[in-house]
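Spelled out, the chains give:
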Amino acid sequence: MKNKGLFLIVLALMGSMNGCAAVQPKDREFLADDMMYFDADPQEAAWHLHVEEVLEGSRGGFSGSGGGCGCK
Amino acid sequence: MAIDPPEDEAFLSYNYFDGGGISVHGPAVILKKAMKGRMSIEAGGRMDIVSSASIDVLTQASKGEAFTDERTEVYLGGSRIWGDTLFSANYTVSDESDYTSNTLMLALTHDFFERNVSVNLRVARSTDDVSSNADPAFGEAGLKRTAYSLGLTQSLSPRWLAQLNYEVTADDGYINSPYRNALLESTAWVPEVYPNARTGQAWVLRSTHGFLRDLQAGGGLRGSVQLSYRYYRDTFDVQSHTGKLFYQHRLSPNRSFGIFYRYYQQTAASFYGDVLPASQLFKARDKELSTFSSHGVGLSFKFESREKKWGWFERPYFKMGYNFLMFDYDDFSDPRTGQLYSWEANVFQISLGSRY
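As given, the protein sequences belong to chains A and B, one line each in that order.
For the first sequence, position 28 (counting from the first letter as 1) is numbered 28 according to my numbering, and the numbering increases by one without interruption.
For the second sequence, position 34 (counting from the first letter as 1) is numbered 1034 according to my numbering, and the numbering increases by one without interruption.
Because the hints were derived from the structure by calculation, they are not lab data.
Just so it is clear, CB atoms sit at the ideal spot from N, CA and C, and this is done for glycine as well.
Accuracy of the hints is not assured; some may be wrong.
As the list claims (entries may be wrong) - Some chain B residues near chain A, calculated using beta-carbon distances under 10 Å:
1) Trp1189
2) Arg1206
3) Gln1226
Given only the sequences and the hints, what does the whole structure look like? Please build it.
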């Protein structure tokens, strides 16, 4: 619960930053570039996430992929 | 960030994984169709052809023999944009001889403050059925998996984005593998016993920063660097740290490459043991629940045409990537040698896609 509280505080802090760090629409050209995307290729990212979830004991945080795997 | 209007797109890829005695390869195809610039439907499929002679299979399975299997996955999804809000949903069915999974995913993304802040809410619910090819008497065991995630993306400057995600995953039902056994101090192998519920929490912080090209070279972005960190912990007492550094570089307007390094480290589940006392109620000898670390490095290359070409193919692209993974276990040994186990894997991916 303590960590959830901390997360909400960080969220609020990040949200409050928009006032001082706002990017005007005319300056958004670079933000729309593929190179700025966190997952420019969602299909590729989903497959790698699936591989990582099968091989590791952790999940989540990067948006998950469905399906099980009995191949271990 | 910001919600982009959907495009008509077709995507075909082939994936290959080889390491630790496991080989997985197969194709994937995805087709997207945009409607009126605000709606889209999407359908796709994937096949994984699995051949496994992993350490678990060779040392624990009842017959100790390699096996082959196939996994097919199909999904159907759609999205709709209302102003600054994107709603998306998809349904995925995954099927292999001893595991079926049905997943419904619903997601909502909303842009605030002139699209400087984007909030994403996501819920995914899976209903899985587990069976055993080795033991027909096992029947079917059920597992329900739910994931709730909340994400916030903030533009900090015209070339700097930061993202914070929080996700809770909850599993309820048969979590362990029907094939895997635990090793007792008496040297006897017995079936693993797991708790029937597991809840995990993941916190992720990501940042992407773009670099400008010299104006004399045409301006625009020359490259970007992405840093990400994840902290994870769950009710099995597994805790992990994941860090990744990813750099992309544009060689020309239509050619780019990317390189990354990824580090992963986790602690063991409270009931994991390389060798366990018989008196322990829950027993696991799954190396994915042991204490280990892994390193991953990767290289990718992308070519994307900026022009409409080849009839109705528009801005077609080609991408290929190679990853090398290394795993080192601190408390998982190979029963055949008594030595701590480690392994390496090679991962290839090649894809072709186009808007139309």
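Hints, one by one, checked against the model:
1. Trp1189: Violated: closest Cβ of chain A sits about 17 Å from B/Trp1189, beyond 10 Å.
2. Arg1206: holds, 6 Å
3. Gln1226: holds, 7 Å
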